[in-house]
Every structure is written in structure tokens, then in C-alpha cells.
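Chemist: One-letter residues, chain by chain:
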Amino acid sequence: MSVGTVVDWLAAVALVSGALLSLAAGIGVLRFPDVLDRMHAATKPQVLGVLLLLVGLALRLRTAADLGMIMLVGVFQLATAPVAAQMIGRAAYRSGRVDRSLLDVDELAGHQPDPAGPRPQRADSRSGDGGSQAEGGDPRSGDGGQRE
Amino acid sequence: MTVVLAVVLTVLLSTTALLALARIYRGPSLLDRVIAADLLLAAMLSAVGAEAAVNRHATTLPVLVVLSLLGFVGSVALVRFAAREES
Chain A
1 MSVGTVVDWL
11 AAVALVSGAL
21 LSLAAGIGVL
31 RFPDVLDRMH
41 AATKPQVLGV
51 LLLLVGLALR
61 LRTAADLGMI
71 MLVGVFQLAT
81 APVAAQMIGR
91 AAYRSGRVDR
101 SLLDVDELAG
111 HQPDPAGPRP
121 QRADSRSGDG
131 GSQAEGGDPR
141 SGDGGQRE
Chain B
149 MTVVLAVVLT
159 VLLSTTALLA
169 LARIYRGPSL
179 LDRVIAADLL
189 LAAMLSAVGA
199 EAAVNRHATT
209 LPVLVVLSLL
219 GFVGSVALVR
229 FAAREES
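Order-wise, the sequence lines are chains A and B. Using our numbering, you'd call the opening residue of the first sequence number 1 and step up by one each time. Using our numbering, you'd call the opening residue of the second sequence number 149 and step up by one each time.
Below, a sample of chain A positions facing chain B; criterion: calculated Cβ distance under 10 Å: (1) Ala12; (2) Ala19; (3) Ser22; (4) Ala24; (5) Ala25; (6) Val35; (7) Gly56; (8) Thr63; (9) Ala65; (10) Met69; (11) Gly74; (12) Gln77; (13) Thr80; (14) Ala81; (15) Arg90.
Reference listing, derived: stretches of chain A covered by chain B, where coverage requires no fewer than 3 residues with Cβ under 8 Å from a Cβ of chain B: (16) 36-42; (17) 82-89; (18) 94-107.
Since the hints were derived computationally from the structure, they do not count as laboratory data. Using N, Cα and C, we set each Cβ at its ideal position, and we do this for glycine too.
Working from the sequences, and respecting the hints, build out all of it.
Modeler: Now the structure itself:
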């Protein structure tokens, strides 16, 4: 059995396992109950599946120029998937589409006002600013007890 | 081996695309549909890559680059739109 045959079998294994991970992502997106769970399922197994499939593609093609372009696709996936997932999660949290019975810890509870949940205690001392604080990044002057 | 590989990959990736389409149809909010559309585009990217791997040609590799950037831009634009709609 020559080296090329062995590499082709390795490529076949990588291709099939990448497609299986994509299928796992699809099942998770269809069956998970919450936006955050679906975001998790569509981000992590899907990126790993695409990366494994690109490894299989590189093992099948075996030329330097194609390897560069395949690596470009992989780097794009790794760089853009966390950003998209973070934006989806932030939009879901801020619009109150988080099922709080599924959460163990809500680490953003005291730091970010969300319209659906209970208002944090420190919002009482600053009445009148309403939803204008929802965009974040504004200077919070005179609120020393925020980090406690 | 090539035919078996092509059949297996076709079945797996089209099942993934069908599951993503079902979530796009059922999804209660716009964010669920954005996630499912992203997954559908990733399944299409995987299918294009698998076809190139099975037939051992490199003519569709630029399509892979374009698809991988298009998914990101589409998701971010739709999520920004959704965040503005909610507030």
C-alpha cells in the first residue's frame, strides 16, 4: 500500500468525521431549547467540522498553492465564528431571550441592565436614564459602588 | 471508495442542511433564524469543499473563501438589525 493510498484513507476519515460534526451541529440547532444553546451548537461543532473537512480537502489535493488557500478559509472561520457568536449572544441577552431557568450562573446580572429581568438595585439611584444605558461604553460618573 | 465517500458525505451534509432549514422554518425569533442560516451556509461550504475533495480539483477553492466571509458579514449585519429592532 503506497503512501498516497494511506493519505487518501486519512483524508476520507477526516471528511466523514467533519461531516458528522456538522450533522451534530444541525441536530443541536434543531433540538436545543434556547437561543444561547443553539448558538453554542452552531458555533463550536460546526467550526470543528469545517476545519476537519478542510484538513481532508488538503490531504486530498496535496499541493502548496491549494494548501495556502485552504488555510486562509480555516483562519477566516476561526477568526469570524467567535465574533458572530458573541454578537448573537449579546443580542439575545439584551433583548431578554434568555431562559433563566436553564442558567446556573448569570455573571452579567449586576453589570448590564436587561429589559426582561429584574432591575438591578443601583438603577434606583439614577432614575430617568431609562434604556439609554443599554448600549454600554458610556462613562459612568459618580457611581463608585458599581464593582462591589 | 470515491463513490462510497461521495454518497456518505452527501447524505450527512444534506441532512444537516435539512435540519437547519427546519430551524429556519420553526425558529421563534430572528436570532434563531440567523443561527440556522449561518449553519446552512456552513453546510453549503462543507458541501463545496467535499465535492472538491472527492473529485480532486481546486477550481472551487475561491468560492470557499467567499462563502466563509459571506457567512460572517451576513450574521453580523442581521444581528445588528435585530438588536436595533428590539430596542
